[in-house]
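Colleague: Please arrange chain B on chain A, whose structure you already have, making use of the hints.
Chain order of the listed sequences is A and B.
The first sequence runs 1 to 215 under the numbering used here.
The second sequence runs 216 to 458 under the numbering used here.
Because the hints were derived from the structure by calculation, they are not lab data.
Any given hint could be a false lead.
[Stated by the list, open to error] Some, not all, of what chain A presents toward chain B, calculated at C-beta under 8 angstroms:
hint	residue
1	Ala55
2	Ala108
3	Ala112
4	Gly116
5	Gln117
6	Glu119
7	Arg122
8	Met124
9	Leu137
10	Pro138
11	Ile151
12	Met154
13	Lys157
[What the hints assert, rightly or not] Facing chain A, a subset of chain B residues (Cβ under 10 angstroms, in silico):
hint	residue
14	Gly264
15	Thr292
16	Pro305
17	Ala361
[As the list claims (entries may be wrong)] Pairwise CB distance ranges (calculated):
hint	chain 1	residue 1	chain 2	residue 2	range
18	B	Ser353	A	Leu204	30 to 38 angstroms
19	B	Ser346	A	Gly46	29 to 37 angstroms
20	A	His115	B	Phe225	15 to 23 angstroms
This structure is a prediction, so every number in the text was calculated from the model and none was measured.
We put the CB at the ideal spot given by N, CA and C, even for glycine.
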Amino acid sequence: MQFIEHSREYLPILMQGAWLTIQVTLGSLLLSTALGLVWAVMRVSGIPFLANLSAIVINLLRGIPIIVLLFFLYFVMPDVGIAMTALQAGILGLGIAYSAYQSENFRAGIEAVDHGQVEAARAMGMGWWMTMRRVVLPQAVKIVLPPYGNIMIMMLKDSSQASTITVAELALQGKLIATSTFQNATVFTLVALMYLVMCVPLILFVRHLEKRGAR
Amino acid sequence: MIEIRGLQKFFGSNQVLKGIDASVTKGEVVCIIGPSGSGKSTILRCINGLESYSGGSIEIHGQRVDNKLPSIKAIRTEVAMVFQRFNLFPHRTVLENVIEGPVYVKGEARASAIARGKELLASVGLADKESAHPAQLSGGQQQRVAIARALAMQPEAILFDEPTSALDPELVGDVLGAMRKLAEAGMTMVVVTHEMQFAREVADRVLFIDGGVIVEQGPSADVLNRPQNPRTQDFLRRVLHPL
Numbered sequence: 001m002q003f004i005e006h007s008r009e010y011l012p013i014l015m016q017g018a019w020l021t022i023q024v025t026l027g028s029l030l031l032s033t034a035l036g037l038v039w040a041v042m043r044v045s046g047i048p049f050l051a052n053l054s055a056i057v058i059n060l061l062r063g064i065p066i067i068v069l070l071f072f073l074y075f076v077m078p079d080v081g082i083a084m085t086a087l088q089a090g091i092l093g094l095g096i097a098y099s100a101y102q103s104e105n106f107r108a109g110i111e112a113v114d115h116g117q118v119e120a121a122r123a124m125g126m127g128w129w130m131t132m133r134r135v136v137l138p139q140a141v142k143i144v145l146p147p148y149g150n151i152m153i154m155m156l157k158d159s160s161q162a163s164t165i166t167v168a169e170l171a172l173q174g175k176l177i178a179t180s181t182f183q184n185a186t187v188f189t190l191v192a193l194m195y196l197v198m199c200v201p202l203i204l205f206v207r208h209l210e211k212r213g214a215r
Numbered sequence: 216m217i218e219i220r221g222l223q224k225f226f227g228s229n230q231v232l233k234g235i236d237a238s239v240t241k242g243e244v245v246c247i248i249g250p251s252g253s254g255k256s257t258i259l260r261c262i263n264g265l266e267s268y269s270g271g272s273i274e275i276h277g278q279r280v281d282n283k284l285p286s287i288k289a290i291r292t293e294v295a296m297v298f299q300r301f302n303l304f305p306h307r308t309v310l311e312n313v314i315e316g317p318v319y320v321k322g323e324a325r326a327s328a329i330a331r332g333k334e335l336l337a338s339v340g341l342a343d344k345e346s347a348h349p350a351q352l353s354g355g356q357q358q359r360v361a362i363a364r365a366l367a368m369q370p371e372a373i374l375f376d377e378p379t380s381a382l383d384p385e386l387v388g389d390v391l392g393a394m395r396k397l398a399e400a401g402m403t404m405v406v407v408t409h410e411m412q413f414a415r416e417v418a419d420r421v422l423f424i425d426g427g428v429i430v431e432q433g434p435s436a437d438v439l440n441r442p443q444n445p446r447t448q449d450f451l452r453r454v455l456h457p458l
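Looking at chain A on its own, in the form it has when it is part of the complex:
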C-alpha cells in the first residue's frame, strides 16, 4: 500500500522526466536517421573522397563512448564559444553517436538490394540519384526497418546517458527522488516500469515489421 501512496507522490515528477526522455529519444532519433542516411549515401556513392570520409567519421564515432561525446559537447564546446543547453547537447550527442550505427544499418540495406536492380534502372537512363530514390532506397527500407526498430529501443534506453550532463530525464529524476527520500526500491521500480511502458509500443512495432518482412 505504501508503494501506491509513494507512487502517487513521485509519479508527477517522474512523468516530467519521462517527457524529457521522449524529447531526447525523438530528437536524437531524427538527427541520427538523417545523419546516418548521409553517411550511408556517401559510403555507397562510389566517389572515393566521400566514401573514405564517411568511413573515417563512422569509425571515429564508433570508437568514442557516448558519455565522452556528451561531455565534449556540453563541457568543452563552451570553451570555444559554442554553448548549448543540456537538452540540446544531449540530443546532439546521442544523435551523432547513433548516426554511425544507423549508417551501417542503412548501408547494409542498400547493399542488399540486388545489383540487377541498379542495372535495370541505369539501362533505362536513370542517373545515380534517381536510381537511389526510385529503385534502391524503397527496397532498402524494407530490409532496414526491423533493425531500425531495435535501434529505436536502444536509443530510448541510452537516452538515460543524457543524465550525465544534467538533463533531468527519467533516470536522473528517479535518482534525485531516491537520494532525497531513501525510497530506492519504490523509485527505481517505478523508473524501470516506466521505461518498459515506453518500450512496449516500440517492441510491438518491431515485431509488426518483422512479420511484414517475413511475408
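Modeller: Just chain B, lined up with the frame of chain A:
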C-alpha cells in the same frame, strides 16, 4: 545504326573482347551466339554503357557510347535492355514498372504513359496483370513485362541478354513468341541467345563469338545450317545434339 569497331575489353589482365567489328542496321535482328564466357553478354553490356570498354569504339547514330559522358543517359533511352533475370522492380506493380522510364526518365505525362503501358501489356498478353506485383508472376510473364517495359521507352533498338536462359523450358515459347512479334514489327534487335531455332527463324544475321573474337558471321541460314569454321561447326554440333 549501331557501329562497333575494334572493341576491346579487359577484366583486370583478362582480355574478354579482342577486337570486335560489327554493325547493326535499322530494323535488323542480329543474334549473338557462342559458348559461355566467350564475351557475348559483354558486347551487349558495352553497347548501352553498363560496361566501359578498353579499346575501339561503339557509335549509335554516330554518337560515341561512353558511360563517363552525360550523353549516355540519352543513348540509354534509345537503346533499351532486357535482362536474363528480368530485373523488374519488385516494389512496383506491373504497370508501374512499365511507365517508370517514360514518366520519370523521359518526363512523359502520366496519363499517356499509362494508356500506352496498358496497350503494351496487352500486346504481350498480360492485360489482366497490370496491378500484380512481379513476384506474383511466372518467369515467362515477368520477362514479357520486361519486354513491355523496354518498349515503353519507345527505343530505336532493344538489346536482349539471354532473355530465356532463366526460364523453365515450358515458358520459353511465350517469350520467344513476343520477341518474334517485335521482330516482325520491324524492331531493331540484338539478341544474345542459346535458342538456335529462334536465331534460325527470326534473325537476319548471326554472329558466332568464341574467345573474344567473331569467328564467323553472316545470314542466319548460312551460319547455322552451313557453318564454315570448324569452331562454329563444333559449337553447333554440341548445342544441337547434346547427346
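Colleague: All hints, please: hold or fail.
Modeller: Structure-based check of all given hints:
no., hint, result
1, Ala55, "25 angstroms, violated"
2, Ala108, "18 angstroms, violated"
3, Ala112, "13 angstroms, violated"
4, Gly116, "4 angstroms, holds"
5, Gln117, "6 angstroms, holds"
6, Glu119, "6 angstroms, holds"
7, Arg122, "6 angstroms, holds"
8, Met124, "4 angstroms, holds"
9, Leu137, "10 angstroms, violated"
10, Pro138, "5 angstroms, holds"
11, Ile151, "23 angstroms, violated"
12, Met154, "28 angstroms, violated"
13, Lys157, "33 angstroms, violated"
14, Gly264, "8 angstroms, holds"
15, Thr292, "4 angstroms, holds"
16, Pro305, "7 angstroms, holds"
17, Ala361, "8 angstroms, holds"
18, B/Ser353 x A/Leu204: 30 to 38 angstroms, "37 angstroms, holds"
19, B/Ser346 x A/Gly46: 29 to 37 angstroms, "35 angstroms, holds"
20, A/His115 x B/Phe225: 15 to 23 angstroms, "21 angstroms, holds"
Hints 1, 2, 3, 9, 11, 12, 13, counting from the list given before, are not met by this structure.
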